[in-house]
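Please construct the entire structure, taking both the sequences and the accompanying hints into account.
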Amino acid sequence: MESNVEVTVRVPTPLRTLTGGADEVKARGATVAEVIADLEVRHPGVKDRLLDEKGVRRFINLYVGDEDIRFLEGLKTELKGGELLTIVPAIAGG
Amino acid sequence: MSLVVLVGAGGIGAPAAIALAAAGVSALRVADDDRVEVSNLHRQILFGDADVGRPKLDAFADALQRRYPRTAVELHRGRALPSTAMALIAGAAVVIDATDNFASRFLLADACALAGMPVIHAAAVRWTATVMAVSARGRPCYRCLFEDAPGEGAPDCASAGVAGPVCGVAGAIAADRALRVLAGRVDDVVGAIVTFDGRTDVLRSVAVRARPACPLCRDAPTIHDLDPARYQPRTCEL
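Here the protein sequences line up with chains A and B, keeping their order. Quick note: the first sequence, position 4, residue 653 per the numbering used here, numbers continuous. Quick note: the second sequence, position 42, residue 44 per the numbering used here, numbers continuous.
Calculated from the structure, these hints are not laboratory results. Incorrect hints may have been included.
Across the chosen pairs, the derived CB separations fall in these ranges [said to hold, decoys possible]:
(1) D51(B) - E702(A): 34 to 40 Å
(2) G80(B) - R691(A): 33 to 39 Å
(3) D64(B) - A679(A): 58 to 64 Å
(4) F720(A) - R139(B): 32 to 38 Å
(5) G730(A) - S85(B): 49 to 55 Å
(6) G714(A) - H44(B): 34 to 40 Å
(7) L733(A) - A138(B): 45 to 51 Å
(8) H226(B) - E655(A): 35 to 41 Å
(9) G731(A) - A74(B): 36 to 42 Å
(10) L721(A) - A138(B): 27 to 33 Å
(11) G714(A) - L43(B): 48 to 54 Å
Just a sample of chain A residues kept apart from chain B, beta carbon distances all over 12 Å, derived [to be verified]:
(12) S652
(13) A679
(14) A682
(15) E683
(16) V690
(17) N710
(18) E722
(19) E727
(20) K729
(21) T735
Using N, Cα and C, we set each Cβ at its ideal position, and we do this for glycine too.
What follows is the structure in C-alpha cells.
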C-alpha cells in the first residue's frame, strides 16, 4: 500500500539525468528506505546510484532536514511527512 | 607571515588565490602539474588566450603577481603525491584543496590530519559546488563525510563539465574559510559542508558530525601514514 507520507527530495546535479532535470521531486514513504524505493519507481536508476548491497554508498550522504541519517536511524529513519531529504554526493572537480 | 598552500591552480584555485591575495595574504604556495588548455579559460580566470600551452603554474604566478605584487608566490611543480604531500604542506597556516580528483582529496585530508593542519576542501562539478573546512584538530574530517571515492565507470571531470561561475563560488567560499582560519575563527566554519547549486541559486550549509568509526580522526585511528595504495586514481563523481 502506498504510504501517505510525502517528502521533498533535493536532487544533486549528477542525478538529474534520472529525474528529467528536476532539482526537487516528491516521493512517498514512512522511512528513508521506502522513499528511495518510491523514487526508484518514479525515476528508475536512482536506487542503484544511492545504495549498494551494504546500504548507502560510501560516497553519498543523505540528510533529513539538516541531520545526516547516519546519526539518526540510517535507512530506517522514520519520516512524518513534509521533510526535506537532501542527497550530498562526493564531487572532486576543480 | 601566514602561508596558504593552494593545491590546484584551476577553476577553484584561481578565484581563491585572487581573494586571498586581495585580502592581504602574504605568501601563497601553489601546486599543479598541468598546462593551460582552451577548455580551461571559462573558469580558470587568471588565464587568457596567450597562456594556452603554458604551464599553469607559470601563468598563474605571472597573473597573480601583476595584480598583487606584495603576495609572495612559491611554486610547487607537480601534483600532491604520497611522497611529496608532507613537504608540500609544510609550514602552512591553512591548506586549500582545490584538486580535480578523489585520490588527491583523500591524500590531502590524510596529510593535513597527520600534520595537524587545517584544510579547506573545495570542489565543483557541473552546477554543484561543495566546500568543507576541517580544523587543525581534524575532527570532523573529510573522511567522516565521504567514506570512500566513487568507483570506476563514473563520468570524469572533463566529460561532466563544470559551469565557470560555480567554480567562482567555490573558490570564493574556500577563500572565506581560509581567511577565517587565519583570523583564528576556524570554529565558525568547521562541522559543516556548504553546497551551492548553480541552477537554482540555492546555497546551503548542512552539519557534518564526527563519525565514530572514522579511520582518520577517531580516538584510535587506523590511518597513520600516506600509504600510496590508499590513493589510487578514481573518477570524479557518482
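Hints the structure violates: just list their numbers, smallest first.
-> 1, 2, 4, 7, 8, 9, 11, 17, 21
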